[in-house]
Amino acid sequence: MAEYRKDPKKSTIAALVSNRSGVLTRISGLFARRGYNIECLSVCATEDPDVSRMTIVLIGDEYMLYQMIKQMDKLDDVKKIGCADELDCVYRELLLVKVPASAEVRGQIVEIKEIYKAKVVDLSPDTMVLELTGTPSKLDAFLKVIEPYGIIEMQRTGVTALARGRHTLKDRDCYNDNI
Amino acid sequence: MKMKGAEILINCLLEQGVDTIFGYPGGTVLDIYDALFRNGRINHVLTAHEQGAAHAADGYARVTGKTGVCFATSGPGATNLVTGIATAYMDSIPMVAVTGNVGLSLLGRDSFQEIDICGITMPITKHNFIVKDVNELADTIRKAFYLANSGRKGPVLIDILKNVQTDECEYVPVKPEPYRPLPVSAEKMAPAAKAIAASRRPLIMAGGGIISANASPLLARLCESQDCPVVYTLMGKGCMPDADRHCLGMIGMHGTVAAAKALMQADTVIALGTRFSDRVALNRDMFAKDKTVIHVDIDNAEIDKNVFSDIHVMGDLYEALSTLLPMLEKADRSAWLNEVNVFKAEEKIKKDTNFLAYKIISAASAMAPADIPVVTDVGQHQMWTAQHYSVNKPRLFCSSGGLGTMGYGMGAAIGACFGSGKPAVLITGDGCFNMNMNELSTAVAQGTPVAILLMDNGVLGMVRQWQKIFYGRRFSQTTLNKRTDYVRFAESFGAKGLRINCESEVEPVLKEAFAYIAKGEGPVLVDCRISEDENVLPMIKPGMTYDTQLTDMEEK
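As you go down the protein sequences, you meet chains A and B in turn.
Throughout the first sequence, residue numbering follows our numbering, covering 1 to 179 in sequence.
Throughout the second sequence, residue numbering follows our numbering, covering 1 to 556 in sequence.
What the hints contain is simulated information worked out from the structure, not anything from laboratory work.
In this text, a Cβ means the ideal position worked out from N, Cα and C, and glycines have one as well.
A few of these clues could be false.
Simulated restraints on C-beta separations [as the list claims (entries may be wrong)]:
| no. | chain 1 | residue 1 | chain 2 | residue 2 | range |
| --- | --- | --- | --- | --- | --- |
| 1 | B | Val174 | A | Asp48 | 21 to 27 Å |
| 2 | B | Arg473 | A | Asn37 | 41 to 47 Å |
| 3 | A | Lys74 | B | Ser105 | 32 to 38 Å |
Counterexamples of contact, computed for chain A against chain B with all Cβ distances above 10 Å [to be verified]:
| no. | residue |
| --- | --- |
| 4 | Pro49 |
| 5 | Asp61 |
| 6 | Lys80 |
| 7 | Ile152 |
| 8 | Asp171 |
Using the sequences provided together with the hints, build the complete structure.
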């Protein structure tokens with residue numbers, strides 16, 4: 001009998017989908033209807049304007065992950081789908097965060113952003129907007145250090161993932177090679 | 001050739017071989033109905049309500065295997081289809097529903113009879129389309145038909161804006177590509193073949209997938225060559241003749257004792273085209289836990305969804321069995337087959353109970369022509385029919401399995417008549433019949449020969465049975481208190497009305513009813529006055545295991 005990992009884990013699904021209105025509703029509806037929550041989602045058109053690429057992060061056990069991949073794969077609008085974690089992938093996410101930057105703390109914040117190689121993209125007399133790109137865990141760590149200064153507002157894009165080397169999602173025959 | 005969108009729609013339906021449409025006209029489909037009228041090559045059945053049209057398209061699809069088609073206008077017309085579409089979705093029935101919508105200039109402005117039917121039907125269709133450009137119409141319709149009747153079948157909805165119906169574009173006829181399921185390789189099938197060969201007490205559990213893949217003849221060969229008994233799910237009824245010595249009847253909450261016993265005794269369960277629904281598996285963690293489970297299904301998402309399998313094969317059942325059969329050597333398991341046939345024989349003796357509904361349904365089964373479809377609604381009568389009405393061919397049994405739609409039967413029976421070109425038997429209850437009895441007028445108008453056997457007990461029998469078992473006989477809102485005289489009701493609609501009050505009337509009245517539908521002139525309703533205290537047995541309570549099957553009613 002199939003053995004599924006029971007402990008909840010963060011997993012990343014990558015999918016090529018039709019770039020058409022309603023596709024996002026179709027996919028998010030699928031998650032909602034099965035009672036699963038999307039942890040984060042990023043989507044945009046690809047080199048082919050008819051195709052969008054979606055990266056979805058969810059937290060759950062293996063049963064839930066495979067069910068979602070299989071259910072998504074049934075949708076006509078989903079062209080290719082795979083679990084990014086099963087490939088050797090590069091993960092990146094972008095963060096914009098606005099922090100108070102009065103003269104007293106400005107120096108300290110600049111010092112932190114140097115360590116994390118973040119960029120200052122806006123500076124006003126009392127605020128600063130920082131930009132940081134990296135793996136989600138790097139962003140988490142950066143936010144933890146910045147947090148004591150007070151976060152005025154922030155936006156993360158959600159993770160995106162691409163396989164290293166020559167592997168591509170579109171060349172994969174079937175997602176369930178590994179399932 | 002340049003054509004209006006509405007004409008393109010009709011021509012595309014003809015391309016797909018559509019001969020019958022069930023529907024109801026309205027403001028945003030006027031152009032479509034005009035094109036239908038002027039074309040004149042497709043039969044249109046006007047129902048009393050759009051829900052009836054959707055169920056009729058479903059019944060048509062179940063008996064023919066072709067894609068059922070229904071039409072409705074925007075707004076309420078479209079929302080009235082929803083239950084019918086959901087019924088087809090849950091039972092994987094191929095259907096194309098066409099709705100009109102307001103024109104592009106009015107879209108998104110909460111215009112009169114505007115509704116986002118694509119949004120509403122997203123979770124209950126395989127796919128749906130809103131067509132805003134006439135140039136995309138023809139290909140969208142072709143794709144809708146392909147999607148509906150390929151892979152795991154199901155309903156597809158096309159919402160066509162009013163302006164698209166009147167806009168013109170070039171129409172080039174295209175011959176539809178026949179759907180060819182992917183072959184299943186011997187390599188993929190090998191572990192299953194090995195497990196079957198090694199098993200001493202195999203049991204086949206056949207579901208609706210056998211019927212939708214037209215794989216019944218292969219199933220018969222499989223159990224013949226392997227001396228393997230078969231149980232079927234509600235959706236699989238008809239895939240194996242009830243009279244066959246391999247067939248032990250239905251499995252599930254109200255399945256036969258023989259099926260339950262065989263399941264408990266088996267060492268290997270071969271599940272073919274079934275999804276282990278909660279009404280079959282009951283307790284999904286315990287179901288067939290100590291047995292080897294082989295699961296073959298066309299939908300990969302069904303593998304390990306409800307019950308985990310030891311061996312699974314994804315694929316069309318016809319293809320899978322074609323590959324499997326030559327891989328198996330003829331096996332002698334006559335001892336096992338004899339053992340389960342003893343269960344079956346014991347049950348037959350016990351079956352000889354006294355209740356009237358059983359007498360009527362088994363008499364109907366014996367007296368009705370063997371090649372006409374039998375349709376049910378949902379509830380006690382549905383289970384009695386599944387248990388006691390012999391269906392010996394696939395596509396002759398229509399019932400709402402997954403969704404359990406009360407009110408399904410009347411529309412579906414009309415569709416089944418049109419699809420089979422034969423009379424049909426509808427077995428319904430008074431609760432269900434009251435939901436869509438308006439369609440009796442459709443059957444009269446169309447001269448549809450349906451024998452409606454109305455199991456009239458004045459209560460919602462199945463809900464009442466649960467109130468007896470689980471709710472201390474507090475019959476909250478399950479006593480109908482209607483004073484309808486169904487015979488006069490039928491006659492006022494222009495149908496024939498008959499009544500059965502007691503056992504001695506069963507045969508003569510059914511004889512008269514079946515003689516009437518044989519004439520093919522219209523429907524007959526038989527008001528069968530049965531007791532409100534008849535129960536559906538055997539029963540396994542929800543979430544329980546097969547060793548807890550009840551054959552007597554413990555009432556609290």
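To see whether the hints hold, each was checked on the structure:
{"no.": "1", "hint": "B:Val174 with A:Asp48: 21 to 27 Å", "result": "holds, 25 Å"}
{"no.": "2", "hint": "B:Arg473 with A:Asn37: 41 to 47 Å", "result": "holds, 42 Å"}
{"no.": "3", "hint": "A:Lys74 with B:Ser105: 32 to 38 Å", "result": "holds, 35 Å"}
{"no.": "4", "hint": "Pro49", "result": "holds, 17 Å"}
{"no.": "5", "hint": "Asp61", "result": "holds, 12 Å"}
{"no.": "6", "hint": "Lys80", "result": "holds, 15 Å"}
{"no.": "7", "hint": "Ile152", "result": "holds, 36 Å"}
{"no.": "8", "hint": "Asp171", "result": "holds, 20 Å"}
In summary, the structure agrees with every hint in the numbered list given earlier.
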